[in-house]
Amino acid sequence: MRTSGRPSSKVIALLVAGGVSCLATLVDSTVRRDTDLASRQSRAALVASLGLTDLSLFTEARYTRHPAMADLHSAFQDHPAAWDHFPTAAWVGPPQWGNQGE
Amino acid sequence: MTGSPFLALQGIAKIYNEGRHNEVRALADIDLDLEAGKVTVLMGPSGSGKTTLLTLVGCLARPSAGRVTLEGRDISGMPERFLTAIRQRTFGFVFQRFNLIPGLTVADNVMLPAYPLGRPHPELKARCRELLEMLRIGDRADAPVQWLSGGEAQRAAIARALVNDPAVVIADEPTANLDTALTAEFIGVVEMLKAQGKTLILTSHDPRICDAAVVDRVVEMRDGRIVGGR
Amino acid sequence: MNRTIERQRYLIDFTIASLARRRGRNLGLFAVYTLLVFVLASASLLGYGLRKEARTVLAASPEILVQHLLAGRHDLIPESHLAALRDIRGIAAAEGRLWGYYYDAGMRANYTLMVPSDRTIEPGTAIIGSAIARLRNLGEGDAVHFLSPKAKMFRFGIAGTLPSESELVAADVVLVSEADFRAFFGFPAGMVTDIAVSVRNPKEVATVSAKISRLIVDARVVTRDDILRSYESLFDWRQGMITVLLAGAVLAFVILAWDKAAGLSAEERREIGILKAIGWETSDVIAVKFWEGGLVSLGAFLVAYTLAYLHVFHFGGALFAPALKGWATLYPDFRMVPEISGQQIATIFFLTVVPYTLATIVPVWRAAIIDPDTVMR
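For the protein sequence lines, the chains are D, Z and X, in the order given.
All residue numbers for the first sequence refer to the numbering used here, where the first residue is 1 and numbers rise by one.
All residue numbers for the second sequence refer to the numbering used here, where the first residue is 1001 and numbers rise by one.
All residue numbers for the third sequence refer to the numbering used here, where the first residue is 2001 and numbers rise by one.
Keep in mind the hints are simulated off the structure, nothing from the lab.
Mixed in with the good hints, there may be bad ones.
[Said to hold, decoys possible] A few chain X residues facing chain D, derived, Cβ under 10 Å:
id : residue
1  : R2009
2  : Y2010
3  : D2172
4  : A2262
5  : L2264
6  : S2265
7  : L2295
[Claimed, not checked] Every beta carbon over 10 Å from chain Z, so not counted as near; a handful from chain X, in silico:
id : residue
8  : T2004
9  : L2011
10 : F2014
11 : S2018
12 : Y2101
13 : L2228
14 : L2245
15 : T2282
16 : A2318
17 : V2353
18 : P2372
[Said to hold, decoys possible] Here are the simulated DSS-like cross-link-like pairs (lysine-lysine), alpha carbons at most 30 Å apart as the crow flies:
id : chain 1 : residue 1 : chain 2 : residue 2
19 : D       : K10       : Z       : K1194
20 : X       : K2325     : D       : K10
21 : X       : K2052     : X       : K2325
The structure presented is a predicted model; accordingly, all values stated were derived computationally and were not measured.
Idealized CB from N, CA, C, for every residue including glycine.
Chain D on its own, in the form it takes in the complex:
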């Protein structure tokens, strides 16, 4: 009769390995954290010194490049009901402004 491990031992070992790899992501994130936070500091410093207002993630149009600065109607440049040209519009919505002041 077979003497190799039971299926349950193998599966439990695999699950433990999966759990360990999940925990390893936590370890990895703590190890990286210091250097990564330092680079974030330098980003924040540049934002402060240049007076930047937006992430430069989407450079395809001015309302995706500067969602916070685009004027109120820019998501509908051509027509209020026009389809958006840009795939990133799936990620960036038109900015929603709260009440400013009174």
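Given chain D, put chains Z and X in place with the hints provided.
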């Protein structure tokens, strides 16, 4: 076991689909005492109720009326969970078509009834190996059951019935699919089990079984009633 | 206690042995579910990471920005407002900003041209964002030629590049001198793009911006809170959309699992009957199904989460880059700070493991209470 029968049935009736238009009266007025350590055959044509009686004896089902007493304990009114517990420890089943689970190996099939008991794994494996060796199919332990021949499948089924070391082995039409040589081999196994002190209850309409020397008692059934015996 | 553990291990043995009977199908199912959870977890980690990044990095952006609106469009604002603004009590400083967009037709890329207030740029030179340096293969000492909107060629010597870790905020930035900026765009003298205002007391931002609105009636006032809020909602609701879409996929999968579990074949029913006949309890049969659903979905979750972490934090969410990039040819090469929240992981877990497991168990209930004598009938 002091004189009183190991298993006693009194005034048993079994009705399927009671109160509905397809109501079937499978058994009526059954009184039967079975002694420990004996081989009993329930004989009768198909539809005589012998398999139904076997399910009541083996605690697979409860009677519609009457009383089943196991070692002096009335078990006919017990809830399902208790019946399961009794079944696990007291009865081993060999089904007519063996009912091995396809795709699993012989060893896995044999160990199945022991899983809910949670016995230590090395012990269970040893028990399984011992049984397969005893039934001379030790070399087939890792084969999927669908690869087995009819005789091998039956022995695997017998090994499965024995894995929890039950006092009673129940076999439904054990030789229905076997040729003469294999039937003789089966009777050999029955003799061996009887020698080990097991109680055996079989159903059959096969004269090769009913006339075998190892059989202590034959109960003849017809239309859900006991009509004779020897 | 040992007996209970041993018993569950036996049930797992059985579960694995029965799953192994259809190895290809079950591995395929596992792979597809893992992929699904992977995409869901990646979207969640990326969305959360970017949101956190925006929240912390943009917290350093100007407190108040004053724009001029004309016919619903952003227009230039006269520098003459600066003096009036500086007179408002509560305002520490007000400064005109010059920035605008340049489309590099050769590269089909949009740049953001800016005049920096924190450094002096020699006329005729520029400092460029490192994504531009990479795209055009430029370094210090090289030169670029930009064709101005007035169809005049301008030459800029590259005086330096912005640090590469700043790509997430300044990938496309070109810093030039004010003289060059105005000449390049034909930007009218006495006008600026907008005005950045800083206040003495951060609590007074609302009051101050109300005052600014009254002073310059056709202005739009954008506060730092507005910026942060717009990023919060931007990633929040877009990631929410993706989660909803993927939740649909998860739901479809759960329905599949349910259907698989509910539509038991005669074969499977007989198997349950056999198990019950040989001494298994209803709860044992259900436990096997629990392990079946639980092991598959938990395994998928563990693998998918680990892969999603690697994907987002070590490979910059490479699979999502095409969607984030859109038509743009300029894309920041950024390394995200690994931000993980327990709540986020718990959400992914409950969205993927729990429904799948439940969908496997619940429909089996009815088959599991089958009478043990059925196999004999």
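Are all beta-carbon distances from P2372 of chain X to chain Z longer than 10 Å?
-> violated (5 Å)
Verdict on L2228 of chain X as a residue remote from chain Z, using beta-carbon distances over 10 Å | Consistent with the label, L2228 of chain X stays out of reach of chain Z, its closest Cβ about 57 Å off (over 10 Å).
Please work out if K10 of chain D and K1194 of chain Z have their alpha carbons no farther apart than 30 Å.
-> violated (40 Å)
Would the least Cβ to Cβ distance between A2318 of chain X and chain Z come out above 10 Å?
-> At roughly 41 Å from the nearest Cβ of chain Z, A2318 of chain X sits farther out than 10 Å, so the non-interface label holds.
Is it the case that Y2101 of chain X keeps its Cβ farther than 10 Å from each residue Cβ in chain Z?
-> holds (66 Å)
Grab the minimum C-beta distance from S2265 of chain X to chain D and call the hint holds if it beats 10 Å, violated otherwise.
-> violated (23 Å)
Below or equal to 30 Å on CA atoms is what counts here, so check K2052 of chain X against K2325 of chain X.
-> holds (20 Å)
Would you assess whether L2011 of chain X, listed as outside the interface, keeps its beta-carbon beyond 10 Å of every beta-carbon in chain Z?
-> violated (6 Å)
Going by Cβ atoms, does T2004 of chain X stay more than 10 Å from chain Z at every point?
-> Label violated. Min Cβ-Cβ 7 Å, cutoff 10 Å.
Minimum Cβ distance from Y2010 of chain X to chain D below 10 Å?
-> Holds, about 8 Å.
Using 10 Å as the Cβ threshold, decide whether L2295 of chain X counts as touching chain D.
-> Where the cut-off is 10 Å and the nearest Cβ of chain D is about 6 Å from L2295 of chain X, the hint holds.
Closest CB of chain Z to the CB of S2018 of chain X still more than 10 Å away | violated (7 Å)
When each numbered hint is compared with the structure, violations occur for hints 4, 5, 6, 8, 9, 10, 11, 15, 18, 19 and 20.
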